[in-house]
Amino acid sequence: MEPDRERELVERCRRGEVGAFDELVDRYKNLVFAMIHRTLPDPSSADDLAQDVFLRIHRGLPYFRGEARLSTWVYRIVVNVCMQDRGRGAQSVSLDDANARVSTPAAADRHANDLELRDRLEKAIAQLPPQQRVLIAAHYLRGVQYEELAEAMNLPLGTVKNQLHRAKRQLRMLLETDLK
Amino acid sequence: MTCDDVQNAIELIAAGEMTPDAETASHLAACRSCAAALEAARRVDALLRQRPIPAPPAQFTARTLASIRRARWRNEQMIDWGFNAALAFVGVAIAIGVWIVVSRSGFTFAGNDALQLFGAGLRTFLQRVTPALPIYALATMLLITALGIWWWAERDAI
Chain A
1 MEPDRERELV
11 ERCRRGEVGA
21 FDELVDRYKN
31 LVFAMIHRTL
41 PDPSSADDLA
51 QDVFLRIHRG
61 LPYFRGEARL
71 STWVYRIVVN
81 VCMQDRGRGA
91 QSVSLDDANA
101 RVSTPAAADR
111 HANDLELRDR
121 LEKAIAQLPP
131 QQRVLIAAHY
141 LRGVQYEELA
151 EAMNLPLGTV
161 KNQLHRAKRQ
171 LRMLLETDLK
Chain B
1 MTCDDVQNAI
11 ELIAAGEMTP
21 DAETASHLAA
31 CRSCAAALEA
41 ARRVDALLRQ
51 RPIPAPPAQF
61 TARTLASIRR
71 ARWRNEQMID
81 WGFNAALAFV
91 GVAIAIGVWI
101 VVSRSGFTFA
111 GNDALQLFGA
121 GLRTFLQRVT
131 PALPIYALAT
141 MLLITALGIW
151 WWAERDAI
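Keeping their order, the protein sequence lines are chains A and B.
Residue numbers are given in our numbering: position 52 of the first sequence equals residue 52, and the series is strictly consecutive.
Residue numbers are given in our numbering: position 77 of the second sequence equals residue 77, and the series is strictly consecutive.
These aren't lab readings, by the way, just hints derived from the structure by calculation.
Some hints could be false.
So these bits of chain A aren't anywhere near chain B, every CB distance computed over 10 Å [claimed, not checked]:
{"id": "1", "residue": "Arg7"}
{"id": "2", "residue": "Glu17"}
{"id": "3", "residue": "Gly66"}
{"id": "4", "residue": "Ala68"}
{"id": "5", "residue": "Ser71"}
{"id": "6", "residue": "Ile77"}
Chain A is nowhere near these chain B residues, computed Cβ spacing over 10 Å in every case [as the list claims (entries may be wrong)]:
{"id": "7", "residue": "Met1"}
{"id": "8", "residue": "Ala22"}
{"id": "9", "residue": "Ala37"}
{"id": "10", "residue": "Val44"}
{"id": "11", "residue": "Phe60"}
{"id": "12", "residue": "Thr61"}
{"id": "13", "residue": "Ile68"}
{"id": "14", "residue": "Trp99"}
{"id": "15", "residue": "Val102"}
{"id": "16", "residue": "Arg104"}
{"id": "17", "residue": "Gly121"}
{"id": "18", "residue": "Thr124"}
{"id": "19", "residue": "Ala132"}
{"id": "20", "residue": "Ala139"}
{"id": "21", "residue": "Leu142"}
{"id": "22", "residue": "Glu154"}
If you want the footprint, here are the derived chain A segments under chain B, 3+ residues with CB under 8 Å [claimed, not checked]:
{"id": "23", "stretch": "10–16"}
{"id": "24", "stretch": "21–30"}
{"id": "25", "stretch": "35–45"}
{"id": "26", "stretch": "127–133"}
Quick caveat: nothing in here was measured; it's all calculated off a predicted structure.
All C-beta atoms, glycine included, are put in the ideal place defined by N, C-alpha and C.
Given only the sequences and the hints, what does the whole structure look like? Please build it.
Right, here's the structure in full:
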């Protein structure tokens with residue numbers, strides 16, 4: 001969304017124009033929900049937390065000064081909500097769950113292996129520190145750039161890139177045996 | 001060029017954010033361990049790109065807006081309650097102040113007369129109103145029920 005249209009939408013929301021906040025929710029709900037769902041170790045609360053994000057946006061709109069882009073501010077709120085939720089439902093997930101590693105018969109196709117690998121990837125992501133989970137979730141969603149992430153997380157650009165590469169390296173280490 | 005040097009750049013190369021220079025490329029061609037690490041990093045990158053994008057539930061917008069209205073309504077209720085409590089407090093404070101002033105200024109006799117007059121008026125009023133009390137009670141109950149239903153419906157609707 002272009003900055004001018006963002007500003008216009010914020011102004012319409014501030015004026016209390018009918019349908020303006022609905023438009024804001026419709027515009028950002030996919031991104032907010034996906035980011036939260038991908039970040040939380042327990043995605044069952046993603047719906048509630050995504051609603052909480054929009055409640056905070058609604059409360060904060062009168063104080064939004066427009067120094068940052070609306071999308072950056074939205075990411076910042078999502079990051080805060082995800083980081084605050086890290087204690088809730090956090091659990092250590094073992095990659096070697098009894099059910100996780102099903103010995104596939106020789107005849108089993110590649111599709112089954114891919115599904116298993118994806119499942120193990122999700123479990124490996126759940127083992128990352130919250131900040132790295134947020135970065136992985138956001139970076140691989142369309143439209144979230146390094147610069148916006150750095151601004152949203154209040155971190156230098158270099159730190160964001162460094163953390164992201166560390167996270168990917170950690171994932172590679174965790175999945176080493178599966179990837180061979 | 002050591003394996004450690006290459007390993008530090010593996011994720012960047014795998015994501016396409018860095019093109020390996022000649023030295024790194026020749027190391028990757030010769031070192032099986034680093035080549036395998038690059039291949040693994042590329043698979044991780046591909047898997048991350050292929051992660052399904054979860055979509056919000058169908059009624060997400062409607063439910064979000066409803067919860068915002070509910071939160072706003074609760075907030076307004078709190079403000080109303082605070083205002084009413086403050087008003088009651090001010091009323092009581094004024095009454096106490098008046099009572100203190102009256103009792104200290106020697107107007108007690110006049111106050112007693114006024115009180116007797118008020119009591120007589122109240123008795124007359126009650127004598128006239130008593131026959132119609134059941135109707136008033138019924139009307140009050142109906143009013144309270146209607147207000148209760150309105151409150152309940154409003155609470156559910158927002």
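Quick rundown of the hints versus the structure:
1. For Arg7(A), the non-interface assignment is confirmed: its Cβ lies about 22 Å from the closest Cβ of chain B, beyond the 10 Å cut-off.
2. No beta-carbon of chain B comes within 10 Å of the beta-carbon of Glu17(A); the shortest separation is about 14 Å.
3. Against chain B, the non-interface label of Gly66(A) holds: every CB pair exceeds 10 Å, the least being about 21 Å.
4. Remark: the non-interface label on Ala68(A) is consistent with the geometry, its nearest Cβ contact in chain B lying 22 Å away (cut-off 10 Å).
5. With a closest Cβ-Cβ approach of about 17 Å to chain B, Ser71(A) is found to remain outside the 10 Å limit, as its non-interface label requires.
6. No beta-carbon of chain B comes within 10 Å of the beta-carbon of Ile77(A); the shortest separation is about 14 Å.
7. For Met1(B), the condition that its CB be more than 10 Å from all CB atoms of chain A holds, with the nearest at approximately 19 Å.
8. With a least beta-carbon separation of about 22 Å from chain A, Ala22(B) lies farther than 10 Å from that chain, consistent with its non-interface assignment.
9. Remark: the non-interface label on Ala37(B) conflicts with the geometry, its nearest Cβ contact in chain A lying 7 Å away (cut-off 10 Å).
10. At roughly 5 Å from the closest C-beta of chain A, the C-beta of Val44(B) falls inside 10 Å, breaking its exclusion from the interface.
11. At roughly 6 Å from the closest C-beta of chain A, the C-beta of Phe60(B) falls inside 10 Å, breaking its exclusion from the interface.
12. Not every CB of chain A lies more than 10 Å from the CB of Thr61(B), the least distance being 5 Å, so the non-interface label is violated.
13. Distance check on Ile68(B): its Cβ comes as close as 5 Å (rounded) to a Cβ of chain A, failing to clear the 10 Å threshold; non-interface status is violated.
14. No Cβ of chain A comes within 10 Å of the Cβ of Trp99(B); the nearest lies about 44 Å off, and the non-interface call holds.
15. At the 10 Å boundary, the C-beta of Val102(B) stays outside the reach of chain A, the nearest C-beta of that chain being 48 Å off.
16. The beta carbon of Arg104(B) is kept farther than 10 Å from every beta carbon of chain A, the shortest such distance being approximately 49 Å.
17. Remark: the non-interface label on Gly121(B) is consistent with the geometry, its nearest Cβ contact in chain A lying 50 Å away (cut-off 10 Å).
18. In this structure Thr124(B) is separated from chain A by more than 10 Å, as the shortest Cβ-Cβ distance comes to about 53 Å.
19. A cut-off of 10 Å between C-beta atoms confirms that Ala132(B) is not in contact with chain A; the least separation is 47 Å.
20. Residue-level check passed: Ala139(B) sits 38 Å from the nearest beta carbon of chain A, beyond 10 Å.
21. With 10 Å as the threshold on Cβ separation, the claim that Leu142(B) sits away from chain A holds: the shortest Cβ distance comes to roughly 35 Å.
22. The Cβ of Glu154(B) lies farther than 10 Å from every Cβ of chain A, with a closest approach of about 19 Å, so its non-interface assignment holds.
23. Check on the stretch 10–16 of chain A: 0 of its residues sit with their Cβ under 8 Å from a Cβ of chain B, so the three-residue criterion for coverage is violated.
24. For the stretch 21–30 of chain A, the stated coverage by chain B is satisfied: 6 residues place a CB nearer than 8 Å to a CB of that chain, which reaches the threshold of 3.
25. With 3 residues carrying a beta carbon less than 8 Å from a beta carbon of chain B, the stretch 35–45 of chain A meets the three-residue requirement, and the given coverage holds.
26. Counting residues of the stretch 127–133 of chain A whose CB lies closer than 8 Å to any CB of chain B gives 0, which falls below the minimum of 3, so the coverage claim is violated.
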